[in-house]
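Q: Knowing the structure of chain S, use the given hints to seat chains Y and L on it.
Given next are the chains, with one letter for each unit.
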Amino acid sequence: MRNLRIISIILLIIILACVPQVVEKDSIINLLCLVFLYISLASAWNILGGFTGQTSLGHAAFFGLGALAARLLWIRGFPIYPSILAGGLLAVVFALLIGFPSFRLKGVYFAIGTLALAQILNVTVGNVFPTIAALPVEELVAYQLTPRYYLFLGLAVIVVGVAYLLVNSRLGLGMMAVREEEDAAESLGISALRHKLLALVISAFLTGLAGGAFAYYHVSYYFQFPFTPMWSLDMLTMVYIGGTGTVLGPIIGAVFFVVLKEFLVLNVGEYHLIIFGVLFVLVVLFLPGGIISAWKKIRDALTHRTKSNAVKLSPEAKS
Amino acid sequence: MLELEEINAFYGDLQALWGISMHVSEGELVALVGPNGAGKTTTLRIISGLLKPASGSLRFYGQDLGKESVHKIVEQGISQVPESGRIFTGMSVLENLELGAFTPNARKEKDKTLNWVYGIFPRLEERKSQRAGTLSGGERQMLAIGRALMSKPKLLMLDEPSFGLAPILVEQMFEMITEINRQGVTILLVEQNVRAALELAQRAYVIENGRIVGEGKGDDLLSFESIRSAYLA
Amino acid sequence: MIEAVAQNLVFGILLGALYGLAAVGIAMVFGVTKFLNVAHGELLMFGGYASFWLFKLFNLDPFLSLPLTIIFLLLIGTVLYKLLFVRMVKLPEEEKIKNTMLVGFGLTLILQNIALNLWTADDRGITTSYSGAAFTLLGVRFPYVRVAGLVISLVCLFALQQFLRRTYTGKAIRATVEDWEAASLVGIDVHKVYLLSFLIGTALAGVAGALVLVSFSVEPAMGMHWTLKSLIVMVLGGAGNFMGTFVGGILLGATESTAAFFIPGNYRQVVGLVLFLLILIFKPQGLFGAKER
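Protein chains in written order, with the numbering used here: chain S, 10 to 328; chain Y, 11 to 243; chain L, 2 to 294.
Isolated chain S, as found in the complex (with noise of 0.2 angstroms):
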């Protein structure tokens, strides 16, 4: 069973790899980038946000800093990769500096916190950098589509799959203790500011490298956009409506946000924002755990499996 779902990956990633030779129409390999980059996003922030349940509204942050680093690395001549890399670790290297005191704050503190932090750096670099990031005339001249799709499938490959390794390994499972609770998992001996902490840095460095690939990708922007918090909500409402905490979850959470933008953009216009609040309201309240929740649902249904019967309890449930 195993080896049939890495054997059907594999494949896929073989198709996928094998997209920009057979297909001619740039609108598709461009759907397919924003798709992997999403699907990248999305994966990075659940590692903090879903395995570790620190819910962070602030990864514009990290996007930001990494395509800062990468694009202005590359501007002035270095080659791409080290460039990416870069704006890898300097994200870390934020991510080290905020560590400590943002997990002295709890839950929803933590939350606005990070909102803030990252509106600080938004403001800043909207300060330092006003202008747009262009790019050099060689750059542009030599601009060609299909590295960049394979940067970004490349990219999707490595976070999905550290995503899926941390899921199988103790740090992981350690993470997902300190989501359920903190007090119990500090109890048995695990170290829940190192367990965040990792998480934070993992979080951050895979955001990124996003970052610094969507600085490559992006042909023109201003130094400030990756860094506007849209990007942080965007990572939260795709994780959401895939299903937090699931490796699987970010990714269809990416592709329906993709693919459904895309739609409603054609053909709704200026109402598709509206359309994904309603949506995102609607997750929140009747599908806590997303599309994959939903999907177990079913399947569970289809299976016809019981569920103990727990009486409905007033407010404030005592557990």
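The hints are simulated quantities; they were obtained by calculation from the structure and are not laboratory data.
Misleading hints may appear alongside valid ones.
Examples of chain L residues toward chain Y, derived with CB under 10 angstroms [what the hints assert, rightly or not]:
(1) Leu119
(2) Asp123
(3) Asp124
(4) Lys172
(5) Ala173
(6) Ala183
(7) Ser185
(8) Leu186
(9) Asp190
(10) Ile280
From the derived model, a few chain S residues whose C-beta atoms are all more than 12 angstroms from chain L [said to hold, decoys possible]:
(11) Thr64
(12) Tyr90
(13) Tyr280
(14) Val292
(15) Asp309
Below 20 angstroms or equal to it, Euclidean Cα-Cα: the simulated EDC-like pairs (lysine to aspartate or glutamate) are [to be verified]:
(16) Lys99(L) <-> Glu189(S)
(17) Lys193(L) <-> Glu78(Y)
(18) Lys91(L) <-> Glu13(Y)
(19) Lys82(Y) <-> Glu4(L)
(20) Lys62(Y) <-> Glu136(Y)
(21) Lys97(L) <-> Asp309(S)
(22) Lys77(Y) <-> Asp123(L)
(23) Lys162(Y) <-> Asp124(L)
(24) Lys99(L) <-> Glu271(S)
Since the model is a prediction, treat every value here as computed from it, not as a measurement.
From the three backbone atoms N, C-alpha and C, an ideal C-beta is built for every residue, glycine too.
A: Then chains Y and L, alone, in the frame of chain S:
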């Protein structure tokens, strides 16, 4: 007036009450005794509506209360003094009492009821402007009971009113409870102090591990060997 | 030079009053229901637009039309509560806070884009006969409109405090905050308390929005900015103490405007955010908050 029949209750997936059946008639002082964790408080929570039964019926003067909201049940005439009283410490004694008369029926006769409560607990009148948080343990219990009385309950339920009180205060507390009952308020008393509860009550239920294991007149149960060895040793 | 500083400070304080009012709104809701409605800023924005259109279409003075703006916001608030927030009342506290925050974000997206589609992204402002007028004290200009904003904010704050402290319903709310089970055991309908508190918070947002319109301008994207400010001030002041929250707002306004002297104007936002983070980390109960809830 109060009838529980085959009540089953759960906290999540954990069953707390198994087929509880009991009744309280008008004017009675009934005790519900049992060891810690037996389900006494859970039973009161069911009656008050803080917890909904999974199955079984809960009737008050024939009316099914199983699905009613908590404040509606108070309006029907059932009032509970929860464990440790849970008075509103941020407000004065008087404000606490006034809030006790929140239901529309009680509100109409607030002043009259207040005088009645002051009559039973003169100490409360003395301290009426004092912040409830500054009261002593015994006074807090009095305030909690007084507040519950303000809703003019037909049935008053007390969850361990003697808990944490000095022995002499415990005696006073039970005297007041007897007095309240004598003035016409039906009482369901949950207590760990089994001897005192059985002396006060005309009738009592014994609950263990979520099940009613005994019922009888107060004196009879007192002489019941298992009760003596289990709780009075 | 002193005059410039003083002028700046005054403007900062007058703006801070609006911060405070908005923050008291979100604090009211959060304090009682533990709903973290991050769409609070969007409600404020709608309050501003309501006031704007009442002026544009019916020539109603924005101060006189406040009751209408409030009614409009109460309607929106009721719909949002009954449709969305009421479903989260029964969640355990941490989950409740997180889920209401998430729903709030969804709402932000929805409300912001509704406004965008209805009224375009243009800044909207209004000018009345008294818009530019001011009185001068010791060389410092006090624009009537903004002073009125301060006065109205204080009136709202005072009214709220009196309501909570002296009225029966207000005490019922306080009782529910302290111990919702005990409150329901004395016959208080906790759900009504939640709804009322939510509506009060919404109404305050509406008033703040109208004042923002009259003192500055409104546009659809302003919501998140004001939500963040409200959150910052709520944390600054400590959620339990409305007076403290309001003073926190004034402090933030004053700090921002003073800082403008030392750092470039574009970094004004950062001041508040940094302050916010410092308080969160070192004094999470706020400057005036009680130690433990």
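Q: Once the shortest beta carbon distance from leucine 119(L) to chain Y is found, is it less than 10 angstroms?
A: violated, 39 angstroms
Q: Holds or violated: is there a CB of chain Y closer than 10 angstroms to the CB of leucine 186(L)?
A: holds, 5 angstroms
Q: Does serine 185(L) pass the interface check with chain Y, least Cβ-Cβ distance below 10 angstroms?
A: holds, 4 angstroms
Q: Quick one, are lysine 193(L) and glutamate 78(Y) close enough, alpha carbons at most 20 angstroms?
A: holds, 15 angstroms
Q: Valine 292(S): least C-beta distance to chain L exceeds 12 angstroms?
A: violated, 9 angstroms
Q: Holds or violated: the hint that aspartate 190(L) contacts chain Y, with Cβ atoms closer than 10 angstroms.
A: holds, 5 angstroms
Q: Can the restraint linking lysine 99(L) and glutamate 189(S) be considered satisfied, given a maximum Cα separation of 20 angstroms?
A: holds, 15 angstroms
Q: With 10 angstroms as the cut and Cβ atoms as the points, is alanine 183(L) at the interface with chain Y?
A: Check passed: Cβ of alanine 183(L) comes within 4 angstroms of chain Y, closer than 10 angstroms.
Q: With chain Y as the partner, please determine if lysine 172(L) meets the hint condition of a C-beta pair closer than 10 angstroms.
A: holds, 6 angstroms
Q: Quick one, is the aspartate 124(L) hint okay against chain Y at 10 angstroms, beta carbons?
A: At about 44 angstroms, which exceeds the 10 angstroms cut-off, the nearest Cβ of chain Y leaves the hint on aspartate 124(L) violated.
Q: Decide, holds or violated, for the assertion that all CB atoms of chain L are farther than 12 angstroms from the CB of threonine 64(S).
A: Contrary to the label, threonine 64(S) does not stay out of reach of chain L, its closest Cβ about 7 angstroms off (not over 12 angstroms).
Q: Do the numbers back the hint for aspartate 123(L), that is, is its least Cβ distance to chain Y under 10 angstroms?
A: It is violated, given that the least Cβ distance between aspartate 123(L) and chain Y is near 48 angstroms, above 10 angstroms.
Violation of the numbered hints given earlier is confined to hints 1, 2, 3, 10, 11, 13, 14, 18, 19, 20, 21, 22, 23 and 24; the remaining hints are satisfied by the structure.
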